Structures are given as structure tokens and as C-alpha cells.
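**Student:** Letter 102 of the sequence shown, counting from 1, is numbered 102 in full-length UniProt numbering, and no numbers are missing.
Keep in mind that a hint or two might mislead.
For each label pair, taking beta carbons as the anchor points, the in silico distance ranges come out as [claimed, not checked]:
id: 1; residue 1: Q19; residue 2: R130; range: 38 to 46 angstroms
id: 2; residue 1: R59; residue 2: A18; range: 23 to 31 angstroms
id: 3; residue 1: L11; residue 2: R86; range: 22 to 30 angstroms
id: 4; residue 1: E6; residue 2: R59; range: 24 to 32 angstroms
id: 5; residue 1: A64; residue 2: P3; range: 35 to 43 angstroms
id: 6; residue 1: N97; residue 2: V153; range: 19 to 27 angstroms
id: 7; residue 1: A44; residue 2: D96; range: 43 to 51 angstroms
id: 8; residue 1: L4; residue 2: D96; range: 16 to 24 angstroms
id: 9; residue 1: T63; residue 2: A22; range: 48 to 56 angstroms
If you're looking for bench data, these hints aren't it; they were derived computationally from the structure.
The structure presented is a predicted model; accordingly, all values stated were derived computationally and were not measured.
Backbone N, C-alpha and C define an ideal beta-carbon position, used for all residues, glycine too.
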Amino acid sequence: RTPLREALRRLASDGLVAQASARVTVVAGIDADDIGALFELRRALETEAARLAAQRGDRRVFTALAAEFTAIGTADADAYYALIARFDAAIDAAVDNAYLSGALRSVRTHLVRVRRMARDNPLRLSASAREHELIARAIGGGDPELAAHATHVHLHNALTTILEALTEDPS
Numbered sequence: 001r002t003p004l005r006e007a008l009r010r011l012a013s014d015g016l017v018a019q020a021s022a023r024v025t026v027v028a029g030i031d032a033d034d035i036g037a038l039f040e041l042r043r044a045l046e047t048e049a050a051r052l053a054a055q056r057g058d059r060r061v062f063t064a065l066a067a068e069f070t071a072i073g074t075a076d077a078d079a080y081y082a083l084i085a086r087f088d089a090a091i092d093a094a095v096d097n098a099y100l101s102g103a104l105r106s107v108r109t110h111l112v113r114v115r116r117m118a119r120d121n122p123l124r125l126s127a128s129a130r131e132h133e134l135i136a137r138a139i140g141g142g143d144p145e146l147a148a149h150a151t152h153v154h155l156h157n158a159l160t161t162i163l164e165a166l167t168e169d170p171s
């Protein structure tokens, strides 16, 4: 197989592209129902991951991440999302569960497309930074229930914003 065919096969297996015909591959569509289903899975995985990270993780790592979320500005969305990636990696390391981390990686693959809908909303990015700060503080404080609850609230707010963006601009 050529590298391009292998890459397209991988994208198709991840559900990111669809075969329109033998020679045509297109980006897979995503609608409100798909996003809702993704967030159902995300809620189950991420709330448990936050809970476990608060029980198992290095509190200093999350206390430092909380301080970074406090300091980050949302003018540079790339820097903000780089911090989110580091936060996700810290959660994965703290959880120390290859199955949970693998499932989260799969969800994050699909989140890349969905996050673009919130990327141009500076108010949402600012609120999201505060929500991540609270999650990181709860994990850093060793409070699994607060970490899980803060994650649940963050995901609810993120989903609400994304669905509102779809309603405003269904394209």
C-alpha cells in the first residue's frame, strides 16, 4: 500500500473520512446528533479520568497546570490548545490506564473538528480556561468528586456552546 492509501484507510477507520466512490474520499459529515453522542462518551470517560487523576496523580503537576490556566490569555488560541494538550497528557499519565487513555485518544481525534466551532469564540475560550483551572485545582487538591463534577460542568458548557454555534451557522 502507498502511504497515501494507508493514511486514507486510517482516516476512514477513525470515521473522519468517507468513501463517496471508488476514487473519491470526502470528509465525513458531523451533525448535532453526532456531537451529542460524542459528548455522551466524552462525559463518561473524562469525568472518570478526572476522578482517577485526583486519586492517583502528582498533585504538584496539576497545581502548576492550574496556575498556567489562570495566567493564559485567550488571544492566542494555539497556545491555549497547546496547554489543553499538556493537561490531557497529564491526565493520561495520572490515570495510568492504557485502556482509558486509548479511549480518550479516540474521542480527542474527533474533538479536533468539534473544537473548531468554539475556537472563534473568545468568551467561551476564556470560560473554558477558568473551567480547566478549576478541574486542575481539584485534581491538585486530591478531591476526586470535585474534579469529576467540574469536568461534567465544563463538558455541559462546551456542548451547549457548540450546539448553539451549529444552530446559528448550520453550514
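**Student:** Now look at each hint and say whether the structure bears it out.
**Tutor:** Hints and how they fare:
The beta-carbon spacing between Q19 and R130, approximately 42 angstroms, falls within the hinted interval of 38 to 46 angstroms. Judged by the Cβ atoms, the range 23 to 31 angstroms given for R59 and A18 is violated: they are separated by roughly 44 angstroms. For the pair L11 and R86, the supplied restraint of 22 to 30 angstroms holds, since their beta-carbon distance comes to about 25 angstroms. Separation of E6 from R59 is about 42 angstroms and departs from the stated range, judged on CB atoms against 24 to 32 angstroms.
Take A64 and P3: their Cβ atoms lie about 39 angstroms apart, and the range 35 to 43 angstroms holds. For the pair N97 and V153, the beta carbons lie near 23 angstroms from each other, so the given range of 19 to 27 angstroms is met. At about 19 angstroms, the CB distance of A44 to D96 disagrees with the hint of 43 to 51 angstroms. For the pair L4 and D96, the beta carbons lie near 36 angstroms from each other, so the given range of 16 to 24 angstroms is not met.
Checking the proposed 48 to 56 angstroms range against T63 and A22 shows it holds: the Cβ atoms sit about 54 angstroms from each other.
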